[in-house]
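Number of protein chains: 2
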Amino acid sequence: MKNIIVGLLGFGNVGSGFAAILKENMNQITNTLGCSIIIKKVLVRNLAKYKNAPIPEELFTTNADEIITDPEIDIVVELIGGIRPAYDYIKKALEHHKHVVTANKAVIALYGRELFDLADKSCVSIKFEGSVGGGIPIIATLTKSLAANKIEEIVGIINGTTNYILTRMEESGMNFEDALSEAQAKGFAEANPTSDIEGEDAAYKLAILTHVAFGVEVSPGEIPYIGIRQISEKEIAYAKQLGYKIKLLATVRRNNGSLDIHVHPTLVPFEHPLASVNYENNALYIKGSAVGELMLYGKGAGSLPTGSAVISDVMEAAGIIQNRIQTKNSFASRYQFTPKAISSGASAYYIRLQVTDQPGVLGSITTAFGRNGVSLESVVQRGRGGSSVPLIFVTHETPWDKLEAALEEIKKLNSVEEVASILMVHKQSQ
Amino acid sequence: MKNIIVGLLGFGNVGSGFAAILKENMNQITNTLGCSIIIKKVLVRNLAKYKNAPIPEELFTTNADEIITDPEIDIVVELIGGIRPAYDYIKKALEHHKHVVTANKAVIALYGRELFDLADKSCVSIKFEGSVGGGIPIIATLTKSLAANKIEEIVGIINGTTNYILTRMEESGMNFEDALSEAQAKGFAEANPTSDIEGEDAAYKLAILTHVAFGVEVSPGEIPYIGIRQISEKEIAYAKQLGYKIKLLATVRRNNGSLDIHVHPTLVPFEHPLASVNYENNALYIKGSAVGELMLYGKGAGSLPTGSAVISDVMEAAGIIQNRIQTKNSFASRYQFTPKAISSGASAYYIRLQVTDQPGVLGSITTAFGRNGVSLESVVQRGRGGSSVPLIFVTHETPWDKLEAALEEIKKLNSVEEVASILMVHKQSQ
Numbered sequence: 141m142k143n144i145i146v147g148l149l150g151f152g153n154v155g156s157g158f159a160a161i162l163k164e165n166m167n168q169i170t171n172t173l174g175c176s177i178i179i180k181k182v183l184v185r186n187l188a189k190y191k192n193a194p195i196p197e198e199l200f201t202t203n204a205d206e207i208i209t210d211p212e213i214d215i216v217v218e219l220i221g222g223i224r225p226a227y228d229y230i231k232k233a234l235e236h237h238k239h240v241v242t243a244n245k246a247v248i249a250l251y252g253r254e255l256f257d258l259a260d261k262s263c264v265s266i267k268f269e270g271s272v273g274g275g276i277p278i279i280a281t282l283t284k285s286l287a288a289n290k291i292e293e294i295v296g297i298i299n300g301t302t303n304y305i306l307t308r309m310e311e312s313g314m315n316f317e318d319a320l321s322e323a324q325a326k327g328f329a330e331a332n333p334t335s336d337i338e339g340e341d342a343a344y345k346l347a348i349l350t351h352v353a354f355g356v357e358v359s360p361g362e363i364p365y366i367g368i369r370q371i372s373e374k375e376i377a378y379a380k381q382l383g384y385k386i387k388l389l390a391t392v393r394r395n396n397g398s399l400d401i402h403v404h405p406t407l408v409p410f411e412h413p414l415a416s417v418n419y420e421n422n423a424l425y426i427k428g429s430a431v432g433e434l435m436l437y438g439k440g441a442g443s444l445p446t447g448s449a450v451i452s453d454v455m456e457a458a459g460i461i462q463n464r465i466q467t468k469n470s471f472a473s474r475y476q477f478t479p480k481a482i483s484s485g486a487s488a489y490y491i492r493l494q495v496t497d498q499p500g501v502l503g504s505i506t507t508a509f510g511r512n513g514v515s516l517e518s519v520v521q522r523g524r525g526g527s528s529v530p531l532i533f534v535t536h537e538t539p540w541d542k543l544e545a546a547l548e549e550i551k552k553l554n555s556v557e558e559v560a561s562i563l564m565v566h567k568q569s570q
Numbered sequence: 141m142k143n144i145i146v147g148l149l150g151f152g153n154v155g156s157g158f159a160a161i162l163k164e165n166m167n168q169i170t171n172t173l174g175c176s177i178i179i180k181k182v183l184v185r186n187l188a189k190y191k192n193a194p195i196p197e198e199l200f201t202t203n204a205d206e207i208i209t210d211p212e213i214d215i216v217v218e219l220i221g222g223i224r225p226a227y228d229y230i231k232k233a234l235e236h237h238k239h240v241v242t243a244n245k246a247v248i249a250l251y252g253r254e255l256f257d258l259a260d261k262s263c264v265s266i267k268f269e270g271s272v273g274g275g276i277p278i279i280a281t282l283t284k285s286l287a288a289n290k291i292e293e294i295v296g297i298i299n300g301t302t303n304y305i306l307t308r309m310e311e312s313g314m315n316f317e318d319a320l321s322e323a324q325a326k327g328f329a330e331a332n333p334t335s336d337i338e339g340e341d342a343a344y345k346l347a348i349l350t351h352v353a354f355g356v357e358v359s360p361g362e363i364p365y366i367g368i369r370q371i372s373e374k375e376i377a378y379a380k381q382l383g384y385k386i387k388l389l390a391t392v393r394r395n396n397g398s399l400d401i402h403v404h405p406t407l408v409p410f411e412h413p414l415a416s417v418n419y420e421n422n423a424l425y426i427k428g429s430a431v432g433e434l435m436l437y438g439k440g441a442g443s444l445p446t447g448s449a450v451i452s453d454v455m456e457a458a459g460i461i462q463n464r465i466q467t468k469n470s471f472a473s474r475y476q477f478t479p480k481a482i483s484s485g486a487s488a489y490y491i492r493l494q495v496t497d498q499p500g501v502l503g504s505i506t507t508a509f510g511r512n513g514v515s516l517e518s519v520v521q522r523g524r525g526g527s528s529v530p531l532i533f534v535t536h537e538t539p540w541d542k543l544e545a546a547l548e549e550i551k552k553l554n555s556v557e558e559v560a561s562i563l564m565v566h567k568q569s570q
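These protein sequence lines map, in sequence, to chains F and P. Residues 141 to 570 (the working numbering) are what the first sequence spells out, left to right. Residues 141 to 570 (the working numbering) are what the second sequence spells out, left to right.
Take these hints with a grain of salt, some might be off.
As the list makes no split between identical chains, a pair holds if one copy fits it or if it spans any two.
Stated by the list, open to error - With a Cα cut of at most 20 angstroms, we get these calculated DMTMM-like pairs of lysine to aspartate or glutamate:
#	residue 1	residue 2
1	K231	E254
2	K163	E292
3	K380	E411
4	K290	E164
5	K468	D260
Since the hints were made in silico from the structure, they are not lab data.
All chains, please: the whole structure from these sequences, using the hints.
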């Protein structure tokens, strides 16, 4: 069998991990595939930086076309990240009938449909296992292992930075800023952590999962997301007393012909498997019509875990090439599910109010909830007699508009100083 | 594209689940594959029982050859279970160049190598995702998503019956017999639960995982296994006080050129993801050289979850048929790892002694541990002044022979009434 020739775009964190794994496991890969995978060229910006790289100096180039248009190259592996020029390179590579493997969440979330269609037109494949959940085989599981399931729901911890911060706040009582600094010092948060902290990164990944699992294209911008910047160590302690951890959950679920989809800090009961996903780890909780509940857990980022996912994609593309398989990349035709609307759906909520501790306050608040059709599961009052005491409510499942109406009324009560916190509560499904 | 014709051997729990999922998701399956999957014949023992089955009566037959030798049938799906006649049918089907999908752990554990080689010779594929972990995509993950990883370790909760029993004992304080009865009443334990309870079922599945992940054939009979019958509710309570849950773990790991492999009741720290795997759920914890730690969690048995795995295999085989792919089923050639020996390896241990509470007893026991090179992490004495009190030791990692020598010495001490319990302790890897 002919060897498979690969061109690499980018030699940063994931690119160098990819090359290292390939070298380390060459025998195993060759034995499995029946052919070798050979890196022919690597695109970088500055050749001088790669004088002592672990691969031969002459492989590096600064000219993308040397890779994208080289007739000998079978697979283009895009590991530059960011939208441009990555998107242009991928597009051009597909047009030149290269198979493409990428770990680029932004490009797939924003341009996935267009690129899948283009790949189909060019009779090549585009693979992106590394774009969500690092080394966790989420795309393979959704598209192959669960191919005969109707996916009902995916709930994921898909941002390692925020999960690291929330874990450290919870276990040490430190505040958000200190936990963020620690995460940055340890390499789990970037110098500019905004996209991670605000939930935007998770929204991108959730857009990809939604496309793959439901065949529905949502742009990341359509997904309501709230990050964790406003989560205080006090909130985490309150949640803990009630038996919950606070996690940043990315959720997409079917709801009567529409899709509920959002990224939101959420209380997860201690006993739920997602509650034990700590530090920088990621996890995907999937509910399928046949398989029931399934969870995949692992490192959601990093040179070697993501490199592992990228190589599994390259090996799959190699099999497609060797066997001349006609692939179909588009997801839209698989599921034929047209959601009525993207909604934020119903949820149970955790509401913390700061109130003046005076007789009758609880009665007027619970009356306002009841009048708006919000049913309460529990009420906890922490502290007594201060001028401002916290009152914590956990609701039963409630549509957002009802809760909003109730809170509008509650805000107007004299004794209510502040609606200090609104978080979702993840109910254990049975 | 031509449709894929399937013959089903067996229409019990999994077989009927398979048919139901196929019917329910026919559109999605057809859209994904580009062809339909059609059940042509179903082998059963007693036709009379299937008068009102959800598939047409005329599909049922009592003659296996009508399926195995039918030239029109592409894939034989074996869901009878047990060793004979399942093994004979599978063999004959492969000889007749049928692709085979099975969920039969016994046949794959005992005859896997022979059948993989036979399939290779016949240029067909044999798939067995459903044989371990029900709907959890463990075989796909090991063989494909982690294809570029050297697997270092697999630690699994792969028997739902024992996990259900241990969970119920832990949460309610009930004893083993009551928990077993409850599991039987709820359908989580068979009328004859011996194979599950004693750890044999887990040993079969572990043999399959070892073959797939390391290319090493071990017969289930070579795997040391200990079940949970001797685990008392008291032991579970002691372990809980120390911060552990007791789980029946199936473990295989590399250890200096040999493989440590065993099924053993083990203390798992609360914070470890395996500790939150409760009731009848299964989980596989995998350590790969590139991916790091990965865990897959889900329903390890049942009509629909296992049926889901079986259909994913059938869909993969359908792709192989449609694209005329040359498959390679054998695992031996992939990894080229020849273990020096199957060893039970080193572990941390939990030892409970019942001793007479008298001065000096602790000193003579710890001296005996030390003299034999067993280093202790903690000692806890529960209760005081009774004639028989428990002394609980947790050791650091210790080779079994050293622990054994120490316990021989300790048993001879006058004040030691009994070595009441020896369990393994799973250390959180870093």
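Can you give the numbers of the hints that this structure goes against, from lowest to highest? Violated: none.
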